[in-house]
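Position chain B with the ligands against the provided structure of chain A, taking the given hints into account.
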Amino acid sequence: MIQLENVTKVLSGRAILSELNLSIEEGETLVLLGRSGTGKSVTLRHIVGLMQPDSGRVEVLGQSLTGASMEQLSTIRSQIGYLFQDGALLNWLTIAENVALPLLESHKLPAAEVNNRVSNALREVELDHHGEKLPGEISGGMRKRAGLARALVCDPKIVLHDEPTSGLDPISSSIINRLVNRLKSTGITQVLVTHDMKSAFEVADRIALLHEGRVQALDNVANFRDSNDPAVQQFLEGHISGPLSRGVLDGTPNEDDRNEVS
Amino acid sequence: MTGWIEALGHFLGRCAETTGYGLVLLCRTILNLPHLFTRRRMRDCLDLIFSYTLGSFTVTAVVALFTGMILALNGGDSLASLGQENLIGRIVAISMIREMGPFMTALILTASLGSGIAAEIGTMKVSEEIDALEIMSISPVKFLVLPRMIALTLVTPVMTIFAAFIGILGASIVAANNFGVTWIAFSNDALENLQLGDVHIGLIKSVVFGVTIATVGATQGLLTRGGATGVGEAARRAVVITFLLVIILGYYLSWWYLS
Ligand SMILES: Nc1ncnc2c1ncn2[C@@H]1O[C@H](COP(=O)(O)OP(=O)(O)OP(=O)(O)O)[C@@H](O)[C@H]1O
Ligand SMILES: [Mg+2]
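For the record, the sequence lines run as chains A and B. Mapping of the first sequence onto the working numbering: residues 1 to 262, in sequence order. Mapping of the second sequence onto the working numbering: residues 1 to 259, in sequence order.
Keep in mind the hints are simulated off the structure, nothing from the lab. As the structure is a prediction and not an experimental result, all values here were calculated from the model. Beta carbons: idealized from backbone N, C-alpha and C, even for Gly. Hints may contain errors.
Quick list of the computed label-pair ranges, beta carbon to beta carbon [claimed, not checked]:
| # | chain 1 | residue 1 | chain 2 | residue 2 | range |
| --- | --- | --- | --- | --- | --- |
| 1 | B | A7 | A | S174 | 27 to 37 Å |
| 2 | B | R39 | A | Q52 | 28 to 38 Å |
| 3 | A | G167 | B | G230 | 19 to 29 Å |
| 4 | B | N178 | A | L93 | 47 to 57 Å |
Here chain A stands alone, though its shape is the one from the complex (with noise of 0.2 Å):
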């Protein structure tokens, strides 16, 4: 379903991304951890073709993303629904005006169905009562889920959270979590990037942790938790020291300080 072969992604003069191999199935529910600044958000945005990596290659829904035409790309985009850190949401139109965007503006939806498709995706996410206010007058994690509503409201094949519950309380945590689970069960692909282990072992298929700009560890959950490998455990334990630390507090560099100083 979704395919990153040995992409390699510089930034501002560091290798962000180094041959980072990822292999998505049909169906899976992949949870994406990493320390901050890894490159996660980069890796998703790899998937939806907003970056395109340096070498290596991207292919999603059989279709390779590097080189494609902006048909392609638009084709592949309207089966990918994607959920912004902060919701992304324009500040300007109503929550409802909002989710409504892509079924008006690319799916030329009649205003009868387009209504209706909004209503249940509000009510998804539990803020059919807030449709007509507007972002500004929302909390950060209302905005959140309204963002995600407005991801699910084509019917993606692909939806892709960026940290869907950082900055949520545990019930609304708990409204996505569930809403995650649900998409799982209807057969949707999903990458959700996440510091809440919580929600990473209530979701997840399968975990992988990116670090140094590859994935150091991927395993189902199961096994994830009962890793030997001492990052996934540092990772999961929030050690200060340990070999995800590593530059910062033992003195060695990590690559990416190398990269930056040359």
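Frame of chain A, contents of chain B with the ligands only:
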């Protein structure tokens, strides 16, 4: 020394890049013109025309009034020393319509609307809203730039005519009060000497300025990088670059008209 040259090279490279981006954006907007004739884009456009007019109306009126009064005061003073104060009408009318009106309006709209467009689009850029549009296969050019460009291209000439009118009105008050030139004498002198060409060049200028303000604002907005500071920087650059372009383009348009 080498650092200096390197910085200069970097700066020139960036200028070329921005210019190229702006010109491509302008062409893409023009190619997207047919999309304007949909109900949704039309409505966006009308909303913007309304808010742009409302947002720049007062300041344009005040600045135009005082510019006309200043022109009349200075021109009248010089002319009165030659006993020719009855020529004040034509001087004020021609300069307001040909030069001062378009120029002054462009500067006001740059500061109030151009910077606003840069900040608005820049904020959308740094908060990933532009990316969200692209993922939804909604072209930011069609959705954001086109209505703003059309609205400004229409509002600028209208505000220019308004500014010229108010400026001339202000001048006629000064002419009557300070130099004893009656309203009738003032307007006769103005109308007899004003040519249709003067009005044309004023309007052509105002349209060119409108397109410039919108293009530079949108370009700077879309090229914004790096959070809130980036947005401030984009707005500042939009104002500075548009000021320069308005002055330079204004000179060449006048030169073209007079030759
Ligand atoms: N457009 C860009 N230009 C330059 N550098 C970028 C760009 N986008 C991301 N980066 C850099 O890439 C690195 C990884 O960014 P990314 O947003 O993927 O991190 P992340 O893993 O999602 O972190 P977080 O958990 O904090 O969201 C960061 O150091 C960031 O500064
Ligand atoms: Mg991120």
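Hint by hint, here is what the structure shows:
| no. | hint | in the structure |
| --- | --- | --- |
| 1 | B/A7 to A/S174: 27 to 37 Å | violated (54 Å) |
| 2 | B/R39 to A/Q52: 28 to 38 Å | holds (35 Å) |
| 3 | A/G167 to B/G230: 19 to 29 Å | holds (23 Å) |
| 4 | B/N178 to A/L93: 47 to 57 Å | holds (53 Å) |
Of the numbered hints listed earlier, the single one contradicted by the structure is hint 1.
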